[in-house]
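Read left to right, the sequence shown gives residues 3 to 196 (the working numbering).
One or more hints might be untrue.
Stated by the list, open to error - With a cut-off of at most 30 Å between alpha-carbon atoms, the simulated DSSO-like pairs for lysine-lysine come out as follows:
id, residue 1, residue 2
1, Lys163, Lys115
2, Lys98, Lys163
3, Lys162, Lys115
Unchecked claim - Simulated restraints, written as ranges between beta carbons of each label pair:
id, residue 1, residue 2, range
4, Asp100, Gln180, 48 to 54 Å
5, Val116, Leu51, 23 to 29 Å
6, Pro48, Ala176, 43 to 49 Å
These are calculated hints, taken from the structure and not from any lab test.
Backbone N, C-alpha and C define an ideal beta-carbon position, used for all residues, glycine too.
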Amino acid sequence: MDAALSHMFVLGLPIIEKIARPVIVYAFLVISLRLAGKRELAQLNPFDLVVLLTLSNTVQNAIIGDDNSVTGGIIGATALLLVNALVVRFLYNHRKIDEIVEGSPDVLIEDGKVRTRHLRRELITVSQMEVAARRQGFESLADVQQCILEPGGTLVFIGKKPLQDEKRHQELLARLDQLAAEVARRRGGEPATS
């Protein structure tokens, strides 16, 4: 029993290596995902998800090495969390560097028009955009005024505003409803008849 417990808590690697491994993998992943583009984070199809899951499993061995101890896992996880906290704090205080590291939003639909050049740059197809738009409640891209691909991979759709005539029509109908209610109130609660 004592041997099992000691194996569980005794480091199999030097502590500096247990700290360095996750830090190196973290830096590699941040750079790689930035170079791969926002599309990879958007997970627009099952292949993107498979890549991220496989990537996670692949780098696991690089992080833990030959050490499967609980202590080693805690040290590695702590190193990852600390590095991430330091990076986030640093980027918060240095906005220009943050924009370089995280990237900037990309407008894929502007004024209701699909910007195919931007889609090609992000390797996103129109059909993938249509699926994403339907997930957010739009029947088609024709209902979309603007679509923005955020640096974190989120697609944000903004619907078209009603046309001026349609808006005016809705205002007139609302005013007629108000007048009908006022007439009914003055008649003593009887509904107004046309």
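Comparing the hints with the structure gives:
no.	hint	in the structure
1	Lys163 - Lys115	holds (14 Å)
2	Lys98 - Lys163	violated (34 Å)
3	Lys162 - Lys115	holds (11 Å)
4	Asp100 - Gln180: 48 to 54 Å	holds (50 Å)
5	Val116 - Leu51: 23 to 29 Å	holds (25 Å)
6	Pro48 - Ala176: 43 to 49 Å	holds (46 Å)
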